[in-house]
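Residue numbers (my numbering), protein chains in the order written: chain A, 801 to 1336; chain B, 269 to 449; chain C, 44 to 452.
If you're looking for bench data, these hints aren't it; they were derived computationally from the structure. A portion of the hints provided could be inaccurate.
[To be verified] Here are the simulated DMTMM-like cross-link-like pairs (lysine to aspartate or glutamate), alpha carbons at most 20 Å apart as the crow flies: (1) LYS220/C - GLU976/A; (2) LYS416/C - ASP851/A; (3) LYS234/C - GLU304/B; (4) LYS220/C - ASP958/A; (5) LYS227/C - ASP851/A; (6) LYS809/A - GLU183/C; (7) LYS884/A - GLU400/C; (8) LYS927/A - ASP428/C; (9) LYS220/C - ASP314/B; (10) LYS884/A - ASP413/C.
These numbers come from a predicted model, not from an experiment.
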Amino acid sequence: MPKLTVNGKEVEVPAGTNLIEAARSAGVEVPHYCYHPGLSIAGQCRLCMVDIEKTPRPTIACNTVAADGMVVLTETDRVRETRKSIMEFHLINHPLDCPVCDQAGECWLQIYYMKYGLYDPRMTDEKVHKPKAVPLGPHVILDAERCILCSRCVRFCDEITGTGELGIFERGDHSEIGLFPGAELDNKYSGNVVDICPVGALTDRDFRFQVRVWYLETAKSVCPGCARGCNIEVHVNRRRPHHAEGRRVARLKPRFNADVNQWWICDAGRYGFGSVDAKDRLLVPTRRDGETTSDATWDEAIAAVAAAVRRFPPDEVGVIASPRMSNEDLVALRRLLDICTIQRVAFGVPPRVPGDEDDILIRADKSPNAQGAELMGLAGDARAILGAACGRRLKCLWIFGHDLLASAWPEAEVREALDGAEMVIFTGTNSNPTSERAHWVLPAAAWVERDGTYTNFEGRVQRFRQAVEPLGQALAEWEMLGRVLAALGEAPSATRAEHWFRRLATAGPSFAGLSYQALGDTGRLVAGSVAARAPR
Amino acid sequence: MSETDGAPSTSNRTPAAHAGLSDPATTVFSAAQLTEVRRLQSLYPDPRGALLPVLYMAQETFGWISLEVEEYVAGLFSLSPAHVHEVVTFYTLYFRERPGRHVVSVCHNLSCHLAGAPGIIAHLKRRLGVDPGETTEDGRVTLLSVECLCACEAAPMMQVDDRYELNLTPTTVDRILEGLA
Amino acid sequence: MTGETILTRNFARSDSHTLRAYVETGGYQAWAKAQAMEPAAIVEEVKAANLRGLGGAGFPTGIKWSFIPKNHAGPVYLVINADEGEPGTFKDRYLLERDPHALVEGMLIAARAIRSATAYVYVRGEYVEPWRRFSAAVAEAYAAQHLGRGFDIVVHRGAGAYICGEETGLISSLEGKKGWPKLKPPFPAIKGAFGAPTIVNNVETICHVPHIITRGAAWFAALGTKTQGGTRMYSVSGRVARPGVYEAPVGITLRQLIYERAGGVTGNGRLKAVVPGGSSAAILTADEIDVTMDVDGLKNAGTMAGSAGVIVMDETVSIPEALMVVARFYAHESCGQCTPCRESTGWIYKMTRRIVEGRGRKDDLDTILDVAKRGAGTTICAFYDGAVGPYISYIEKFRGEFEALIPHA
Chain A
801 MPKLTVNGKE VEVPAGTNLI EAARSAGVEV PHYCYHPGLS IAGQCRLCMV
851 DIEKTPRPTI ACNTVAADGM VVLTETDRVR ETRKSIMEFH LINHPLDCPV
901 CDQAGECWLQ IYYMKYGLYD PRMTDEKVHK PKAVPLGPHV ILDAERCILC
951 SRCVRFCDEI TGTGELGIFE RGDHSEIGLF PGAELDNKYS GNVVDICPVG
1001 ALTDRDFRFQ VRVWYLETAK SVCPGCARGC NIEVHVNRRR PHHAEGRRVA
1051 RLKPRFNADV NQWWICDAGR YGFGSVDAKD RLLVPTRRDG ETTSDATWDE
1101 AIAAVAAAVR RFPPDEVGVI ASPRMSNEDL VALRRLLDIC TIQRVAFGVP
1151 PRVPGDEDDI LIRADKSPNA QGAELMGLAG DARAILGAAC GRRLKCLWIF
1201 GHDLLASAWP EAEVREALDG AEMVIFTGTN SNPTSERAHW VLPAAAWVER
1251 DGTYTNFEGR VQRFRQAVEP LGQALAEWEM LGRVLAALGE APSATRAEHW
1301 FRRLATAGPS FAGLSYQALG DTGRLVAGSV AARAPR
Chain B
269 MSETDGAPST SNRTPAAHAG LSDPATTVFS AAQLTEVRRL QSLYPDPRGA
319 LLPVLYMAQE TFGWISLEVE EYVAGLFSLS PAHVHEVVTF YTLYFRERPG
369 RHVVSVCHNL SCHLAGAPGI IAHLKRRLGV DPGETTEDGR VTLLSVECLC
419 ACEAAPMMQV DDRYELNLTP TTVDRILEGL A
Chain C
44 MTGETILTRN FARSDSHTLR AYVETGGYQA WAKAQAMEPA AIVEEVKAAN
94 LRGLGGAGFP TGIKWSFIPK NHAGPVYLVI NADEGEPGTF KDRYLLERDP
144 HALVEGMLIA ARAIRSATAY VYVRGEYVEP WRRFSAAVAE AYAAQHLGRG
194 FDIVVHRGAG AYICGEETGL ISSLEGKKGW PKLKPPFPAI KGAFGAPTIV
244 NNVETICHVP HIITRGAAWF AALGTKTQGG TRMYSVSGRV ARPGVYEAPV
294 GITLRQLIYE RAGGVTGNGR LKAVVPGGSS AAILTADEID VTMDVDGLKN
344 AGTMAGSAGV IVMDETVSIP EALMVVARFY AHESCGQCTP CRESTGWIYK
394 MTRRIVEGRG RKDDLDTILD VAKRGAGTTI CAFYDGAVGP YISYIEKFRG
444 EFEALIPHA
């Protein structure tokens, strides 16, 4: 492990570490554009110049491997002058259209100009003109004039997805990134090129012009789109509610987790948050009596549910839990099932179309917490529960989230089961054909509206945090289950998701020793999990 | 050149790009040429080394490098068409539009400039009625103004197809043009 | 100082490109001798000869060869840079057309020295006749079984890009990519063409090798200066009476080359300036031509020997116009990979064009100088430094001429 000093601070780094990373580990930022830790070294932007003792001129840090005894200086006069020059070169043909650029506020040209540029512009000649506002695919739009040709997007498509859609065409100052004419940037990870584009060249068609980034607030979260549990940031717009037609969640961005998703997320996850602010959100508890549906108070709803589980013998009650529920929800449910001695429980409902999977991030299982449900002993035969309802052996059916009518099960059979049960309770965030047939509908808070944890396919327990208030009267499942438990006589104890997690941590071996604090931002593996291979 | 474009992969081209299409049905090498492609690929530890030579073959065969040709060649190398497009647009000797029957490339670099290249180019523009980068209406000549061809001892000079024409004067230029069918 | 010609000795023969003519004048005897030598001994001989790269960089050839890892198990490639493109240079065209077997024989010896079984000769795409001549020579050498017995030559045509004359740009192009130069490290001798250790040598450099083997390093070294042996082929063009290729010992002065070889300035005009080593070399004024034309002589004069392309300018030449032509070239040929070069070359061309067209601004000259100086040394390859040479020297040495074109300067 080579030991070197960066601006006088000694650090020891693994062999092969480059000087950008070595400096980072010493708490020193070396400005750069083309370097990205997840991609090959391009050395094109020339911004990451540093001084290395005994070398005649500043050297790029990205392509220099830390060596023992190296003395690296990142803030010498000549490094600062070089940086300033490189900034000027980058901006020679840049349109300087920040006021109308969606990247403004999170643009590294802006950030580094303010930090290291601050020269008087002297380029007064006509700039090179290139294509503008070119849709590259369903999610990404290109402004080639803003592009600084760092080639990150090209390398992403070559090295991460292996799809090779993008190239840098022509040469000299006419060089431009683009697609083969007629082709589309339509791979399953295309949105990542927007994230790694350091400037306003590649922007997100979905997010563009919706809200200025400085109005956004962020919360650390986990993508609920599949069993991978990619770490994300939820960006919400609370300060300009009149923008974006009132949609609160503005976008999702990947959050680095070396063991889960590294720097990336898939497009399905990235753009899969539409249900949160959708028109079909369930906002208040409702009861259906025949054809009449009416709003109810939570007290009425909780009383009705408590009465049902008390009234029906345990073997006449079936619960189809959801692998989309958090560990906290599931442990609350587990408690309810235990005190009511309800045996008929399951969580797996087969999808009509099997999920897609690849060897990058995407998992066929499109739920975030099947592993958690499994560990809490909720795996059962859902089809058998359905069958029992059809055969009228089951009187009360409680469904969490699933639209059974959209599952792989025959629709007629599902209908018969829903019609056959005397009491159908549905808990979920959005209405669906199944919820429409329930007698009681309990509105659940969406994952961005509450705290919780998911256990991913390899047993990693990861926290997601509340980003916005629940819509309407929606409650987290653990909270409504807690109220049912209270109605059944259990002393109320959990006022936060974390309380349920603490109970989980003491309930069995899997989660033993875990706590929100221990999970941190990147999660921890449950005991006995096989740490699956890292993503590519 | 056919107007039809049956290849599904090209169906959503912009009209501008579409106008430059060759007939995809004819964008195919013969069996003997494919054997030659494989031979060329075998000369390099990575078959991709043969990309430039195969693009030359394609240009000789199809007259120019259309987008169809790029896609076809990409297929021969299992490369993404974008990467072939990068290569074709980087080099000056691949024609991205059908050139005239003859290509006249006049050197405009320093030694030729000192020896009167601007006058030679002006003369050619007048005689051909086109600017550099353009092809005469009859499709006879494409005129190009190019960087140093490294025959500075015989400036001003130009390349006419494969030949270097040296020590040009307006008179010799006229004689050379007359020889181009 | 006319001296003996080595590389050009057969140029007068109309059949000099044939195997027969080459063998008649002693060809392939050096290869016969080299086959009895240990590879390391060949490297040592070339080192002792003080042979320096004649493509542009002037790096000592034997030392370059010695960078190949000693115990490398996989393939090692010899790559010949016949991508002649430096404005003002045309010597390799002569060698390929008139003495292609000298290159083949030099390659056989060089390949033995670096233990290479395969060589690629990268000929610039526009050089159709040189490519045909050289390919014919390779075919003859195969027929004569000089090639194909443990050593093969693949002739590869470029496709029109000056940057492919840069050795790692050439390697990228040979690999079927854009001619983008590669980051160093790793250097080609460690990781070059197709990821294997590779030596890239210029045509003329390699053509010297058979003579070094035949006549010995001491003889070759003695032809030149203390730090550079031998002769080299000077391409002389521009405003001279007899433009052409002149082979001379590297100690010849620029004055001798112009006045004793090339017949002096056209029409007995007055010399104004000379580009001594291809367009990337800093320009010299008429007062600065008493320099020796070896690598270090020109380096000490603040310019470079480069490819030894000598472009002569007399009093009729407008230096600002010449710079505009040169700036257009660098803007056109910048590969676009790294930012300082990609963005500055185009901008500087725009400024020089404005100046020549009478639309210059008071600050333009200082801006060009400042931009050029700031960008120098910040790029992946030497291309931009090559552009900076003329940008700075033309303006600094002929500033008055530029200012005369700028309104209110």
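Tested hints:
1. The suggested pairing of LYS220/C with GLU976/A holds, with an alpha-carbon distance near 16 Å, which does not exceed 20 Å.
2. Of the supplied pair hints, the one linking LYS416/C and ASP851/A holds, its CA atoms being roughly 18 Å apart against a limit of 20 Å.
3. Restraint check for LYS234/C and GLU304/B: the C-alpha separation of about 29 Å exceeds 20 Å, so the hint is violated.
4. Under the criterion of a C-alpha separation no larger than 20 Å, the hint pairing LYS220/C with ASP958/A is consistent with the structure, at around 14 Å.
5. Restraint check for LYS227/C and ASP851/A: satisfied, since their Cα atoms lie roughly 17 Å apart, inside the 20 Å limit.
6. Distance hint between LYS809/A and GLU183/C is unfulfilled; the C-alpha atoms sit about 64 Å from each other, more than 20 Å.
7. Our distance criterion of 20 Å between C-alpha atoms is broken by LYS884/A and GLU400/C, whose separation comes to about 31 Å.
8. Among the hinted pairs, LYS927/A with ASP428/C is inconsistent with the structure: their alpha-carbon atoms are about 23 Å apart, more than 20 Å.
9. Distance check on the hinted pair: LYS220/C and ASP314/B sit about 12 Å apart at the alpha-carbon level, within 20 Å; holds.
10. A threshold of 20 Å between alpha carbons decides the hint, and for LYS884/A with ASP413/C the separation of about 13 Å falls inside it, so the pair holds.
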